[in-house]
Amino acid sequence: MNSGLIQQLSNSIFYIIAGLTVFFAIRLVISRNIFHSAIFLAMVLMGVASVYLYLDAEFLAIAQILIYVGAIVILFLFVIMLTASIHDRSIRQVNKQVLISLVSAAAFLFLIIKVINASFQQYPGPSGAALSVKELGNALMTTYVLPFETISLILIAVLVGAIVIAKSGKK
Amino acid sequence: MIPLSHFLILGAILFSIGIFGVLTRRSAIGILMSIELILNAANINFIAFEKFLGAGDGLGQIFTLLVITIAAASAVIGLVLIIAIYRNTKNIFAEDINLMKCKIRPLNPVISCPCIYGKYFIRP
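Quick note, the sequences are listed as chains A and B, same order.
The first sequence stops at residue 324 when you use our numbering, and every number in between is there.
The second sequence stops at residue 217 when you use our numbering, and every number in between is there.
If you're looking for bench data, these hints aren't it; they were derived computationally from the structure.
No residue lacks a Cβ here, since even glycine has one placed at the ideal position from N, Cα and C.
Wrong hints could be hidden among the right ones.
What the hints assert, rightly or not - Derived Cβ-Cβ restraints for the label pairs, each shown as a range:
#  : chain 1 : residue 1 : chain 2 : residue 2 : range
1  : A       : Q161      : B       : N191      : 43 to 51 Å
2  : A       : A282      : B       : D189      : 52 to 60 Å
3  : A       : I169      : B       : E188      : 32 to 40 Å
4  : A       : V286      : B       : D189      : 41 to 49 Å
5  : B       : E188      : A       : G314      : 23 to 31 Å
6  : B       : H99       : A       : K320      : 45 to 53 Å
7  : A       : V286      : B       : V160      : 17 to 25 Å
8  : B       : H99       : A       : I318      : 39 to 47 Å
9  : B       : K183      : A       : S285      : 26 to 34 Å
10 : B       : E188      : A       : L162      : 33 to 41 Å
11 : B       : R180      : A       : H189      : 22 to 30 Å
12 : B       : G149      : A       : V298      : 36 to 44 Å
13 : A       : E302      : B       : D150      : 29 to 37 Å
14 : A       : S257      : B       : R180      : 29 to 37 Å
Pulled out of the complex, with its shape left as it was, chain B reads as follows (with noise of 0.2 Å):
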């Protein structure tokens, strides 16, 4: 039989290069792939603690089905955000959404930005 550590240690690989994957893409696309790594990643370690220390009553297989359905659910609004940007500003690279952050600083700073809609707005 396979040791523990091993199940454990090929869980941390994959969650490692996960995370290299959220930080160093640019389309949002590849974020949300690399989430889903972390996240079988940790459904990795769920089901190897549950089947060498658990007490059998199921609760890391039955934790691990809602992970799965909790994932399912995160990609799909993500993808739809994604569509929505896509549609909006024809671009998904993570770096360039910025449409809610001021590009000039407004001439009265007391009153608040009016960039999205006032004459300040720079359409990127």
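Only chain A is shown next, with the shape it has when bound in the complex (with noise of 0.2 Å):
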């Protein structure tokens, strides 16, 4: 096989990823049961996860997968589990803005497309070299080990302040 043909495997690789996410980002947010819906978010950061793969950032794919798919998607799943007779069919699950709602955000992605048609076409390819991991750890423990540490002082207090609001108020 030539590159020329795997260069437009790729390509149309891409675009079926990017549509498959645009998909189930939309029946993420029309979906009536709950669960359903959280089962769709784990599909779309999949899916999010492989355009990283597109941009040449593997780590950040992987770690994506990881704390996204597996922690975060996990954490919603039992909090509607914990919260009974929410995921039932029967409860109306938007409220009365749909309308008008719709009519927003589409006139929002029509602007910003039409801001990026007319800014950013005189960018065809990759400026520089892929990062690769290493580089990308030297990166952030050298230079930005600031952000690093003030991420880490985040941490620490959502895990004290989860527990606290989560812990009954009854002795």
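Starting from the two chains in their separate frames, assemble the complex, guided by the hints.
Pasting the structure below:
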């Protein structure tokens, strides 16, 4: 196989993945059963992880699957199970603002696509070489060590805060 | 290679769908899921810009890593708050969570509203 055919194949796979991601995102938003919404959220996150792979960000793709699909979606499923009788189909899941929200979101999307088409057409290829995981880790521990430590502080605060809030108020 | 604008358009579509979900969902869990969708759309934009316009120092990827962490933290705190609200009111619909809102105007408006534990409070 020549490389042009492989390139074409990989491009079409990207468009298939992007279409599937958008489809699952729409199902996430309009699904009546909120349990199905959580499953569709996992699908969307995996689609976004494969888009990261197309952008040469392998570490972020793996981290996305580990953190989002492995932890956050599971947490969502736990909370859906804990709040009983919410996930039955008879309860209306959308409020009365559907039409005006649809119009405003579509207008926003139209505007953004116009702006993208007007401004970002002249960048056909990537600017530099792909960054390896080693370089990423070096940058994280030298240049960007202050945000890294701040993030760890935030994680500790969230850990303590979640335990305090979730603890029952009764002795 | 796929051009930059297609990644940006994918991010914009996901962002709009997330905005629609935040505006229309009744249950607070659905709103949190839509917020995760919005954050993912922003992450796609970060990495696409880093790949196409970046200086090669990995700033976009590191920023995305920080955004993922903040998103996880916000989801955890939001879900814990939902559980606490559900424990008190047996309800997670965002439009019905009005525990801190005064239901009846107090008789004497000079005195601050004693609703929550006073005699004017009506439990929903």
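Here's how the hints hold up against the structure:
1. A:Q161 to B:N191: 43 to 51 Å: Given about 56 Å between the Cβ atoms, the range is violated.
2. A:A282 to B:D189: 52 to 60 Å: 54 Å, holds
3. A:I169 to B:E188: 32 to 40 Å: Roughly 38 Å apart at Cβ, these two residues keep to the hinted range, so it holds.
4. A:V286 to B:D189: 41 to 49 Å: 47 Å, holds
5. B:E188 to A:G314: 23 to 31 Å: Check passed, 26 Å falls within 23 to 31 Å.
6. B:H99 to A:K320: 45 to 53 Å: At 47 Å between Cβs, range holds.
7. A:V286 to B:V160: 17 to 25 Å: 18 Å, holds
8. B:H99 to A:I318: 39 to 47 Å: 42 Å, holds
9. B:K183 to A:S285: 26 to 34 Å: Violated - the Cβ-Cβ distance for B:K183 and A:S285, about 52 Å, lies outside 26 to 34 Å.
10. B:E188 to A:L162: 33 to 41 Å: For B:E188 and A:L162 the Cβ distance comes to about 48 Å; the hint is violated.
11. B:R180 to A:H189: 22 to 30 Å: For B:R180 and A:H189 the Cβ distance comes to about 25 Å; the hint holds.
12. B:G149 to A:V298: 36 to 44 Å: 19 Å, violated
13. A:E302 to B:D150: 29 to 37 Å: Since the Cβ atoms of A:E302 and B:D150 sit about 19 Å apart, the hinted range of 29 to 37 Å is violated.
14. A:S257 to B:R180: 29 to 37 Å: Since the Cβ atoms of A:S257 and B:R180 sit about 34 Å apart, the hinted range of 29 to 37 Å holds.
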